[in-house]
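Chains G and Y, in that order, are what the protein sequence lines are. Using the working numbering, the letters of the first sequence map in sequence onto residues 1 to 97. Using the working numbering, the letters of the second sequence map in sequence onto residues 1 to 474.
These are computed hints drawn from the structure, not numbers from a lab. We treat Cβ as the ideally placed atom computed from N, Cα and C, and that holds for glycine. Please note: incorrect hints may appear among the correct ones.
[Stated by the list, open to error] Which bits of chain G does chain Y cover? Going by a derived footprint, with three or more residues having C-beta under 8 Å, they are:
1) 43-53
2) 68-78
[Stated by the list, open to error] Distance condition first, Cα-Cα at most 30 Å in a straight line; then the derived DSSO-like pairs of lysine-lysine:
3) K407(Y) <-> K35(Y)
4) K350(Y) <-> K11(G)
5) K407(Y) <-> K145(Y)
6) K345(Y) <-> K91(G)
7) K350(Y) <-> K93(G)
8) K381(Y) <-> K36(Y)
9) K285(Y) <-> K345(Y)
10) K407(Y) <-> K350(Y)
11) K350(Y) <-> K91(G)
12) K93(G) <-> K11(G)
13) K36(Y) <-> K350(Y)
14) K407(Y) <-> K345(Y)
15) K93(G) <-> K283(Y)
16) K36(Y) <-> K13(Y)
17) K11(G) <-> K95(Y)
18) K27(Y) <-> K145(Y)
19) K407(Y) <-> K95(Y)
20) K35(Y) <-> K350(Y)
21) K95(Y) <-> K93(G)
22) K95(Y) <-> K91(G)
23) K11(G) <-> K345(Y)
24) K285(Y) <-> K257(Y)
25) K407(Y) <-> K262(Y)
26) K262(Y) <-> K381(Y)
27) K11(G) <-> K91(G)
28) K350(Y) <-> K145(Y)
29) K27(Y) <-> K95(Y)
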Amino acid sequence: MTQLTRDDVLKLARLSRLALTDEEVDEFLEELSSVLQYVEQLTDVDVAGLTPTSQVTGLTNVMRDDTVQDYGIARDDLLRLAPATQDDQLKVKRMIG
Amino acid sequence: MSQWLPIAEIAAKVQAGNLSAVELVEKALATIEDKKDFEAIIATTAERARERAASIDAAVKNGQQVGALAGVPFIAKDNFLTFGAQTTAASNILKGFDAPYQATAIQKLEEAGAICVAKANLDAFAHGSSTENSDFMTTKNPHDKTRVPGGSSGGSAAAVVLDMAPFALGTDTGGSIRLPASFCGAVGYKPTYGLVSRSGVVAMASSLDVIGPLTRSVEDAAAVLDVMAGRDQLDSTTIERDQTAYTDLSGDLQGKKVGVIKEYMSDDLDPAVKQQIEAAIEKMKQAGAEITEVSMPSLPLALAVYYIVCPAEVSSNLSRYDGQRFAFTDPNATNLEESYSNTRKIGFGKEAKRRIMIGTYVLSSGYYDAYYRKAQTVRTKLIQEFATAFEHVDFLVGPTAPGPAFKIGQNAHDPLQMYLTDIMTVATNLVGIPAISIPAGAVDELPVGLQLMAAQQHDRALLSVAKATEELLV
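If we strip away everything but chain G, and leave its shape as in the complex, we get (with noise of 0.2 Å):
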């Protein structure tokens, strides 16, 4: 029976990018655990000799020309999106120290 610890919920917020509050972490922690619990039931399922399933009408590779196609959705439409911009680029905080 898998029963997270403060550590695991922490180390899994950090994964996330999810910054919580101590109140949070309690929540979480009994919440996701009673949820991985219950997932739990598929340990003992034996699926001897099957393969897993992630793409269920069998396509594969869907392949089409690398041409570029008109949407009418110019670069400033999406530009104006963002947060902040400079020069016709995202403008991010500085990621090198």
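With chain G fixed as given, assemble chain Y onto it according to the hints.
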């Protein structure tokens, strides 16, 4: 009695100049305003709708062909990118987002003359079974304001039953069209995976997500599906449509082989709901259907598979909300790392956070094989059991939900209990088959839904049988 004629009749009258699109849009907007206390609608697209209606009326006057859905107003779940209003997915992180393009489904409906009049409420990012996870408001059930409409397409289902428009669009990842259809008393159609393009729809779990209509009748659902179905270059998971129109519904139940899903008729089913479902099946039998019982032993595992696969895909899809490219960003962050984690802390609601973390857990190194890979393998087992079932029967039947609409707040503090609401709907998404919920009576004045399923790409056959069944249940 509905104020709306069947969709095909509305379109024919608009095309003939006997009904005006402008008046239809005004009627829809007036009803939305009149019933706003149900909180089914996040925003209207009134200005754009009025302009489109006027241009459709003008086109008719000029003798032009407008399309199969000429002048028909509709409501889109707010996870469809549309012009005319923001697209929020009922989430704080997307609040204020003006879509730079429209979903393919919306484009196709507009090309056929339909007019989007409003955006419907949902559980934020479609995570939920009640609309209580909306970051904005909880939609009320049209039959009882103290109860939920189901979810996640709860706003869409309520809007149709409240007569705000002839149809609404929903998305269904684990039952999000069928469950609210069942709770509100609408028809809810989940097509075969890939039959309708998802381009321009906010992604939840990409191997499961489908788009479909919520309507007042099976015939109306077929009319909407027929316009939306087919390949789309912008969604490489789309499949070929039927060459025959999905509106070409024919036949009765005579000789149809229908399997009653044993695992869905178990003790977990509300006895009063069970009675309604059994009565509906009896009517199908009297109409000539060959009814047998079908057992799929792995079916009770479907929900566990779903609550691994779905959060895993959710955690990937929601990683794009990082506060850098679009939508909300925390203005007070001092570095990039803080910008990511504070933006997501403020912008995501509890359920999104839960699913992101569960998904991150089951995909993380050391747990991937035990959870994600195992779930995807049990999924194969489910697919095989459904395939075996469809060797013996053409259709499967059972309830849509284990009970009628529950009280607002009843499951709010127990996520696992809330997840169990989806126990009869998730399997079809994991297997990719089409399914429909149609009204089948009521329990204490709360609607009950009958669920019918068919093999992949048998959408037209399923709609035909659903229509024949619907006629028995009126």
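Numbers of the earlier hints that this structure fails to satisfy, in rising order: 8, 9 and 15
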